[in-house]
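Colleague: Take these sequences, add in the hints, and give me the full structure.
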Amino acid sequence: MDDSTLDQNCEMNVERFRIVKLHGVRYRCSTCSLLFLSKDSLIHHITITRHTYSNHVKPHDKTQKKIPKVRIPCAPYSHECSICKRNFSRNSQLKSHLETHSENPETQKLLPCNLCNEKCISYSSLTSHISQTHPEIKKNQCSMCKKIYNKSNNLHHHLRVKHFDIEAFTCEYCGKQVTTKNNLKDHINHSHLQIENYVCSTCGKAYFSRHLLKNHENVHTGVKPYICEVCGKAFSKDASLYTHKISHSNEKRFECSICNKRFLRNTHWRAHLRRHSEDRPYACDLCSFKFVTRHELKKHKLSHSDARPFQCNLCNAAFKRKTDLKQHFKVHK
Numbered sequence: 001m002d003d004s005t006l007d008q009n010c011e012m013n014v015e016r017f018r019i020v021k022l023h024g025v026r027y028r029c030s031t032c033s034l035l036f037l038s039k040d041s042l043i044h045h046i047t048i049t050r051h052t053y054s055n056h057v058k059p060h061d062k063t064q065k066k067i068p069k070v071r072i073p074c075a076p077y078s079h080e081c082s083i084c085k086r087n088f089s090r091n092s093q094l095k096s097h098l099e100t101h102s103e104n105p106e107t108q109k110l111l112p113c114n115l116c117n118e119k120c121i122s123y124s125s126l127t128s129h130i131s132q133t134h135p136e137i138k139k140n141q142c143s144m145c146k147k148i149y150n151k152s153n154n155l156h157h158h159l160r161v162k163h164f165d166i167e168a169f170t171c172e173y174c175g176k177q178v179t180t181k182n183n184l185k186d187h188i189n190h191s192h193l194q195i196e197n198y199v200c201s202t203c204g205k206a207y208f209s210r211h212l213l214k215n216h217e218n219v220h221t222g223v224k225p226y227i228c229e230v231c232g233k234a235f236s237k238d239a240s241l242y243t244h245k246i247s248h249s250n251e252k253r254f255e256c257s258i259c260n261k262r263f264l265r266n267t268h269w270r271a272h273l274r275r276h277s278e279d280r281p282y283a284c285d286l287c288s289f290k291f292v293t294r295h296e297l298k299k300h301k302l303s304h305s306d307a308r309p310f311q312c313n314l315c316n317a318a319f320k321r322k323t324d325l326k327q328h329f330k331v332h333k
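First residue of the sequence shown? That's 1 in UniProt numbering, and the numbers climb one at a time after it.
Bear in mind the hints are in silico, worked out from the structure with no lab data behind them. Incorrect hints may appear among the rest.
Result set (SDA-like, lysine to any residue): computed pairs, CA atoms no more than 20 Å apart in a straight line [what the hints assert, rightly or not]: (1) 185 - 153; (2) 330 - 302; (3) 39 - 214; (4) 214 - 183; (5) 214 - 202; (6) 237 - 219; (7) 290 - 309.
Okay, the calculated beta carbon distance ranges per label pair [unchecked claim]: (8) 223 - 162: 36 to 44 Å; (9) 307 - 132: 50 to 58 Å; (10) 115 - 264: 25 to 33 Å; (11) 200 - 307: 17 to 25 Å; (12) 247 - 270: 14 to 22 Å; (13) 132 - 255: 25 to 33 Å; (14) 329 - 132: 28 to 36 Å; (15) 139 - 28: 19 to 27 Å; (16) 30 - 287: 52 to 60 Å.
All residues carry an ideal CB built from backbone N, CA and C; glycine is no exception.
Modeller: As structure tokens, then:
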């Protein structure tokens, strides 16, 4: 990296912070006092660290004219560490990284734990500290309202919509809210239109997302990249690992607010909630029937088909449903 590139990057970052100072747009973590340029940066920080949100210092009062947003480009991975030659996309990331090379152990510790006095040098070390030292704290738990989520991106969405009032994109079919237009498009294609653009080159099976196709291809190749940290069992799909991990716990975290019934799995809880309402998002395209779950729709569609995919290997009798085949096996005993 030459001096002209460094000078250009420094100028961009000076201009970035000049605009932040001019507009007064700063988001502060009340636990560690770190400042962020955007709400999303702060939300990402809170999601990982379980820290809490303090306040947003508004740049102007209501009588002042709103200053238009200014987008400042940042050269990708243009900030190089002079010690280990690692590259970063932002000067702030480089500054944080340089602290890890410090000889003073006190300056290495940047991120405080929200539950004790321990401080850590990185998000990953803080996450590891919380899981080992504070096992009572649930993974993906909101630090503000203590609500628990099964995935970190669901917690991230919760923080954006509930605590930061960031506009969500709402599905016109079922009312589900997501944080981006692309996520909304994937949701509609998958849950309602059932558009499957990603086709397996081995068997021709189609999926609505590249991620699901990749998981499916693992079945053909035998690759099992998802490993349970409790028992070491490996899976080809991340969803299979998540379902398996529930077997290590009997805790029913999801409770119905209407009848107080509790569930191990988020999917079962959400399907149960629909039964208390008239929400039937899965509609048959061959008749007027609608269903609470995709599985129920799939079973129903068999009634419109003569296909009998479940065949007995003893007498060649064929059935529409696996449960019927299992019942048939009793004849051969």
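Colleague: Now look at each hint and say whether the structure bears it out.
Modeller: Hint check:
1. 185 - 153: holds (17 Å)
2. 330 - 302: Since the Cα atoms of residue 330 and residue 302 sit roughly 23 Å apart, the hinted pair is violated (cutoff 20 Å).
3. 39 - 214: violated (32 Å)
4. 214 - 183: Roughly 18 Å separates the two Cα atoms, so the pair holds.
5. 214 - 202: It holds: about 12 Å lies between the C-alpha atoms, which stays within 20 Å.
6. 237 - 219: holds (8 Å)
7. 290 - 309: Cα-Cα ~24 Å, so violated.
8. 223 - 162: 36 to 44 Å: Since the Cβ atoms of residue 223 and residue 162 sit about 38 Å apart, the hinted range of 36 to 44 Å holds.
9. 307 - 132: 50 to 58 Å: Holds, since residue 307 and residue 132 (Cβ atoms, about 52 Å apart) stay within the stated range.
10. 115 - 264: 25 to 33 Å: holds (27 Å)
11. 200 - 307: 17 to 25 Å: This hint holds: roughly 20 Å between Cβ atoms.
12. 247 - 270: 14 to 22 Å: Given range 14 to 22 Å: holds, Cβ gap about 20 Å.
13. 132 - 255: 25 to 33 Å: Holds: the Cβ-Cβ distance is about 28 Å, inside 25 to 33 Å.
14. 329 - 132: 28 to 36 Å: Given a distance of about 48 Å, which is not inside 28 to 36 Å, the answer is violated.
15. 139 - 28: 19 to 27 Å: The hint (19 to 27 Å, Cβ to Cβ) holds, given that residue 139 and residue 28 are roughly 25 Å apart.
16. 30 - 287: 52 to 60 Å: For residue 30 and residue 287 the Cβ distance comes to about 55 Å; the hint holds.
When the structure is compared with the earlier hints, violations turn up for hints 2, 3, 7, 14 and for no others.
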